[in-house]
Amino acid sequence: MAQYAVLIYAHDSAHAPDATPADIETCDRHSDELTESGSMVAAYALTPRDMATSVRADAITDGPFIDSKEVVAGFYVIEAPDLDAALAIARTNPVIADGGGVEIRPIHSSFVSDSQSAG
Amino acid sequence: MTDARAVETAIADAHRREWARVLAATVRVARDLDLAEECVQEAYASAMRMWVSAGIPDNPAAWLTTTAKRRAIDAIRRDTALRSRLPLLVEPETADEVPIGDATEEAEDRCAIVPDERLRLIFTCCHPALAQEAQVALTLRLLCGVPTADIARAFLVAEPAMAARITRAKRKISTTRIPYRVPAAADLPERLRSVLAVVHLLFTTGYTAPSGPSLVRADLVDRAMHLARMLRELMPDDTEVRGLHALLLVTDARRATRVGADGRLARLKEQDRSRWDRAALAHAHDLIVGCLRAAPPGRYVLQAAIASLYAQAPSFDQTDWPQIVALYDRLLEVWPSPVVALNRAVPLAMVAGPEAALAEIEKLKQDGRLSGYQYLHAVEADLLSRAGRITEAADAYRQAFDLAANEAERAFLAEQIADHHATPA
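Taken in order, these protein sequences are the chains called A and B.
Numbering-wise (this note's numbering), the first sequence opens with residue 73 and increments by one.
Numbering-wise (this note's numbering), the second sequence opens with residue 2 and increments by one.
Incorrect hints may appear among the rest.
As the list claims (entries may be wrong) - Chain A side only, calculated, beta carbon under 8 Å to chain B, not exhaustive:
id : residue
1  : 74
2  : 175
3  : 178
What the hints assert, rightly or not - So the derived label-pair ranges between C-beta atoms look like this:
id : chain 1 : residue 1 : chain 2 : residue 2 : range
4  : A       : 109       : B       : 373       : 43 to 49 Å
5  : A       : 131       : B       : 373       : 34 to 40 Å
6  : B       : 17        : A       : 104       : 52 to 58 Å
7  : B       : 279       : A       : 171       : 48 to 54 Å
Honestly, the hints are just simulated from the structure, not real lab data.
Keep in mind the model is a prediction, meaning the values are calculated, not measured.
All residues carry an ideal CB built from backbone N, CA and C; glycine is no exception.
Next up, chain A with everything else stripped away, as it sits in the complex (with noise of 0.2 Å):
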């Protein structure tokens, strides 16, 4: 098994500050069954773009780093067995079917430290 990034690429991210339940809804059933599946081994929902600080050497500007259509919404970790397999988990991502899209990137590495957590 491998371990693949899945970043989702949106008009913009639903994971607003003051989102309701309602709002997130369809990402939050995705993760579900991802869970349920056994591949997602973690994921981060991004606040929308108007959150989003950029740093460049000359000066920090606001938005996101490129300026384009689509912003990372947010992004997850699966584990598949091979590129296809993690390429036919990735397409269920509810996003494609709204004119967004994903990337997928096989893991290097990773650290996550035991003592934070986002919630």
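With chain A held as given, fit chain B onto it using these hints.
Here is chain B on its own, set in the frame of chain A:
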């Protein structure tokens, strides 16, 4: 002792015909593309020595496979840790792994019945996670055994750049774990599309070299033909596989007449139909008829049917233009490409006149996707010329000339420009 010349011939033959089979079987054992390639190359090299002394084996592919697999097993035993393994997702195949030792007859017999692994290899090389240029390079390298230097030359790329492209693709296969496997039935149509596209691209690149002095690069055409035949052998029931083979057969049947003795490009209506390869055309025709009966035709079957219909006419004037336009309409349904719409304009002009076809060209110009496509301007120029709009035709020929890179095509277009300037409007 066997005559060295006979051995050389046998090895060249086995290289051309059996490379893919030998490599594909070796990848299964080596679980690494580079290691498998090294082992297969060594097997071919040792065949030169062994066959001279022991005679040419009855089944050269089996001998080469046994030898290559044994080298792979040796190498794996030497260093297990360093190789990045392909995920195979099949039961470990111990039954036909050859024990270390002499190439006994028994081992050869066992290898003679190894399952054909070539489909796994081609689906891995043409995986959509790889860029198409990488798919093409890997297919030539791994399925046809073409040296990197030759691939670089065929695509007009410096050899180090081509080597880097191949290395990068192999690294992506192992890092992202692209499986060495024929896709599941549900994914097969989509995955097969990229395989067929690679074979078709190889053929068209060879058939009309995008630049350079010679119109046809015969070796690429031959490699594409070889791959199309191989796919048909491996997937005999797939109509698009048969359709692609038929398309290549029909197109290639006209190869000898596309360029005149003086190296000039000959248009379809100027080509000497008596020199077309009638046997190939008949073979393709049978394939197409079978495909059309079997299933709703896909892109390649329809393209083949169109090419075949063009070729069947006893003369250019006797071409069944309405039927060709009807086939183009169906092709546009399954493959809505502006290039198809452009090609449809040509028979449409024969049915409905050049002005009707020019109206279609105008739509394509508005669409914009083909603005840098030389054939849009070349077709428009020809239609304008036939409509008597000579000055406009000369301008359109000039636009096509500016975009063309193939010398034979440039010469043809230059001549058209001159002709249309000479004719009073």
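Going down the list of hints, with the structure as the test:
1. 74: Given a least distance of 5 Å, the restraint on residue 74 of chain A holds.
2. 175: Interface hint status for residue 175 of chain A: violated (11 Å vs cutoff 8 Å).
3. 178: holds, 5 Å
4. A:109 <-> B:373: 43 to 49 Å: Roughly 47 Å apart at Cβ, these two residues keep to the hinted range, so it holds.
5. A:131 <-> B:373: 34 to 40 Å: The hint (34 to 40 Å, Cβ to Cβ) holds, given that residue 131 of chain A and residue 373 of chain B are roughly 38 Å apart.
6. B:17 <-> A:104: 52 to 58 Å: holds, 55 Å
7. B:279 <-> A:171: 48 to 54 Å: holds, 53 Å
Of the hints listed earlier, the one the structure fails to meet is number 2.
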